[in-house]
Amino acid sequence: MNRWHQVALLAKREFTQRATSKPFLITMAVLAIAILSIGPAVNLFTGGEDEATKIGLVGEAPPGFEAELQDQAMLFEMTVETVVYADRSDAETALTEGDVSAVLADGTEIIFHEDSSSRLTALLHSTVDTTVKAQVLSELGVPESEVDSVLAPVPVKVTTLDEADVQEEAKKGAAFFGAIALYISIIMFGQFVAMGTVEEKQNRVVEVVLSRVRPWQVLVGKVIGIGVLGLLQLAILAGAAYTSAQLADLADIDVAAIGLPIIASVFFWFILGYTFYAFLYAAVGSTVSRQEDLQGAIMIPIVLIMPGYILAIVAAENPDGLIPMIGSWLPPWAPFVMPVRIAAGVAQPWEVGVAIVGTMIGAVFLVWVGSRIYAGALLRTSGKVKFREAWRAAVE
Amino acid sequence: MLEFGDVTKRFGDVVALDHAGFSVDPGRIFGFLGPNGAGKTTAMRVVFGLVQPDSGMVRWNDRPVGPAERIRFGYMPEERGLYPKMKVRDQLVHFARLSGLSKSRAIGAVDRWLGVLGLADRGDAKLDDLSHGNQQRAQLAAALAHDPDLLILDEPFAGLDPIGVESLANTLRVLASDGVTIVFSSHQLDLVEDVCQDVAIINDGRIVLTGRLDEIKNRSAKRRLSIDVDGEPWIPDFPGVEVVDGPGPAHCIVDDDAPVGDLLAAAAAAGTVNRFVFEPPRLTDLFREAVTS
Numbered sequence: 306m307n308r309w310h311q312v313a314l315l316a317k318r319e320f321t322q323r324a325t326s327k328p329f330l331i332t333m334a335v336l337a338i339a340i341l342s343i344g345p346a347v348n349l350f351t352g353g354e355d356e357a358t359k360i361g362l363v364g365e366a367p368p369g370f371e372a373e374l375q376d377q378a379m380l381f382e383m384t385v386e387t388v389v390y391a392d393r394s395d396a397e398t399a400l401t402e403g404d405v406s407a408v409l410a411d412g413t414e415i416i417f418h419e420d421s422s423s424r425l426t427a428l429l430h431s432t433v434d435t436t437v438k439a440q441v442l443s444e445l446g447v448p449e450s451e452v453d454s455v456l457a458p459v460p461v462k463v464t465t466l467d468e469a470d471v472q473e474e475a476k477k478g479a480a481f482f483g484a485i486a487l488y489i490s491i492i493m494f495g496q497f498v499a500m501g502t503v504e505e506k507q508n509r510v511v512e513v514v515l516s517r518v519r520p521w522q523v524l525v526g527k528v529i530g531i532g533v534l535g536l537l538q539l540a541i542l543a544g545a546a547y548t549s550a551q552l553a554d555l556a557d558i559d560v561a562a563i564g565l566p567i568i569a570s571v572f573f574w575f576i577l578g579y580t581f582y583a584f585l586y587a588a589v590g591s592t593v594s595r596q597e598d599l600q601g602a603i604m605i606p607i608v609l610i611m612p613g614y615i616l617a618i619v620a621a622e623n624p625d626g627l628i629p630m631i632g633s634w635l636p637p638w639a640p641f642v643m644p645v646r647i648a649a650g651v652a653q654p655w656e657v658g659v660a661i662v663g664t665m666i667g668a669v670f671l672v673w674v675g676s677r678i679y680a681g682a683l684l685r686t687s688g689k690v691k692f693r694e695a696w697r698a699a700v701e
Numbered sequence: 004m005l006e007f008g009d010v011t012k013r014f015g016d017v018v019a020l021d022h023a024g025f026s027v028d029p030g031r032i033f034g035f036l037g038p039n040g041a042g043k044t045t046a047m048r049v050v051f052g053l054v055q056p057d058s059g060m061v062r063w064n065d066r067p068v069g070p071a072e073r074i075r076f077g078y079m080p081e082e083r084g085l086y087p088k089m090k091v092r093d094q095l096v097h098f099a100r101l102s103g104l105s106k107s108r109a110i111g112a113v114d115r116w117l118g119v120l121g122l123a124d125r126g127d128a129k130l131d132d133l134s135h136g137n138q139q140r141a142q143l144a145a146a147l148a149h150d151p152d153l154l155i156l157d158e159p160f161a162g163l164d165p166i167g168v169e170s171l172a173n174t175l176r177v178l179a180s181d182g183v184t185i186v187f188s189s190h191q192l193d194l195v196e197d198v199c200q201d202v203a204i205i206n207d208g209r210i211v212l213t214g215r216l217d218e219i220k221n222r223s224a225k226r227r228l229s230i231d232v233d234g235e236p237w238i239p240d241f242p243g244v245e246v247v248d249g250p251g252p253a254h255c256i257v258d259d260d261a262p263v264g265d266l267l268a269a270a271a272a273a274g275t276v277n278r279f280v281f282e283p284p285r286l287t288d289l290f291r292e293a294v295t296s
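Going down the list, the protein sequences come from chains A and B.
Numbering of the first sequence is given in the working numbering, commencing with residue 306 and proceeding in unit increments.
Numbering of the second sequence is given in the working numbering, commencing with residue 4 and proceeding in unit increments.
Any given hint might turn out to be false.
Cross-link-like lysine-lysine pairs, in silico, DSS-like; alpha carbons within 25 Å at most [stated by the list, open to error]: (1) LYS225/B - LYS327/A; (2) LYS327/A - LYS129/B; (3) LYS88/B - LYS129/B; (4) LYS220/B - LYS327/A; (5) LYS317/A - LYS88/B; (6) LYS90/B - LYS129/B; (7) LYS317/A - LYS106/B; (8) LYS129/B - LYS317/A; (9) LYS129/B - LYS106/B; (10) LYS88/B - LYS106/B; (11) LYS317/A - LYS327/A; (12) LYS220/B - LYS317/A; (13) LYS90/B - LYS106/B.
Quick caveat, the hints were computed from the structure, so don't treat them as lab data.
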């Protein structure tokens, strides 16, 4: 009987048992729906900005205020509407209930509900200032045409030295979310490998399995089966995120140009990172005999993964920094940090090469060490097995 | 034929198997007997490559046992276990396929064994939902579904009631008559006395006795004497009489050339003899003899 055929059977069992389990299906459905709804939800919020900002008026405003307000609002790139209230308490109620964003009382006081807006303050202040001054100048006998020319706002150009490239920002943001998805997936599916290993020990089914196949086959089958499930979950989540981004109507951002490379990169680094960590998870899982003891044991891979996650966050902010750069080369962290630096466009090809080759070598090493510890510890179903004992006890 | 050849295995300072050797003929039911901790499980694990011996070798039909041979073996470990949340039929098919059966043959074999073992209507239940007895049957089915040539069962009778013991014994007899070689271990010697045709008795990692059970019994220089006089235990006052249990009818071990007539006369002189049996020794007697000698 072909040994890889047996591995395939073991992998298939792992995959089907988990993929059809209720907790997994429910988690998947909840996550996919949550991600899908982000896009339309964003539209709901951003859609609000297109509507006119409403300003309540109470008491007597300076003459010509409304016309001036509309003119100035254009300079502020805002659309405003005014609502007149009979008295101050009505206006304040409307403000509290969110019907209007600000209230101008008697042309002399600007009222906000909770947070004042400097933009609205500036608009209202400037409008009041202009209309009052225009009135004073008219009363002084200055002809209307001259009043206008004196009070016409002086055009001032606004320039940004480093214009933020929306496309680049979106790319970094997507890469950052990709890093989080990677981190969660590797921890989640690594944990599945460890839990599956302990389950088989705890249920004593391991000896039934090992009378038919070698320990390495059980281990590789488990890692492949759970890994394929991880890829499936990532595919579903990536699909949901992509659809969600399409639905979000992000006019300035090319979702396909940004999303597809990031998704491809997350898949690639998941395969590398998961392979690296899965065998470590299996090794620590095999050293305990009960689920209750697992929490302590899996601190080893978690402690190793955590810096990668932190470095990925740092790299999203500062992809050129020395520490994220070094972190992106080293096998335990490269899968989390390198995709962020690649997305930011700062990773040199040789750095990517070092990260990939290094992680592969690290993974092969962990496959070897992990398999041997796993083989040595698997049949010891009482208490906790020390790594050293497991290493020595390994059969073959 | 299974040859367990001069196997030694140490775990640190503990010698689990000490030059242990025996052989099992095809189509025989072989009892591998001994007290707890004698080395039975270790020996069985050696057959399946789960424990690597320090020295010695296991052969099947004159070939060293490797993966190609093991795929034709069936094993029920002492540590019972299947997947608790998986449907019984699904996992039995999984194990049969791991043992090399095609999908369709695996399904056919599993359904046949579920029927034979009285689990036909439980195939779609999760293992967890089965009674203890049915879980045991499912475990046996996992060892049998690929129709192995050699079946190794570690303590298969442990925890079974007398009806369960008889039912399992009958299943084993049918299998043996079909040519399957069966090795099972037990520490309950009285329980399996009638099941095994051949035995190996192991103590402290050493095989102290092995062969055909009837031959061993006849060859023994001891006989078992059961006497019941007036419903009271009555111990004959003769040299070389060793009392093995009581109260109730007394069981003694005596030499095979003991003066049976004199013993019976002495018993009759003591009262009414309800029972007087002079017979070959039982397994427990042989074990005691082998271990103490």
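For each hint, the structure was consulted:
1. LYS225/B - LYS327/A: With a Cα-Cα distance of about 64 Å, the restraint between LYS225/B and LYS327/A is violated, given a limit of 25 Å.
2. LYS327/A - LYS129/B: Roughly 15 Å between the alpha carbons, so the hint for LYS327/A and LYS129/B holds.
3. LYS88/B - LYS129/B: 6 Å, holds
4. LYS220/B - LYS327/A: 59 Å, violated
5. LYS317/A - LYS88/B: Holds, at about 16 Å.
6. LYS90/B - LYS129/B: 4 Å, holds
7. LYS317/A - LYS106/B: It holds: about 13 Å lies between the C-alpha atoms, which stays within 25 Å.
8. LYS129/B - LYS317/A: 19 Å, holds
9. LYS129/B - LYS106/B: 20 Å, holds
10. LYS88/B - LYS106/B: OK: LYS88/B and LYS106/B at ~21 Å, within 25 Å.
11. LYS317/A - LYS327/A: 18 Å, holds
12. LYS220/B - LYS317/A: 52 Å, violated
13. LYS90/B - LYS106/B: Holds, because 16 Å separates the two Cα atoms, which is no more than 25 Å.
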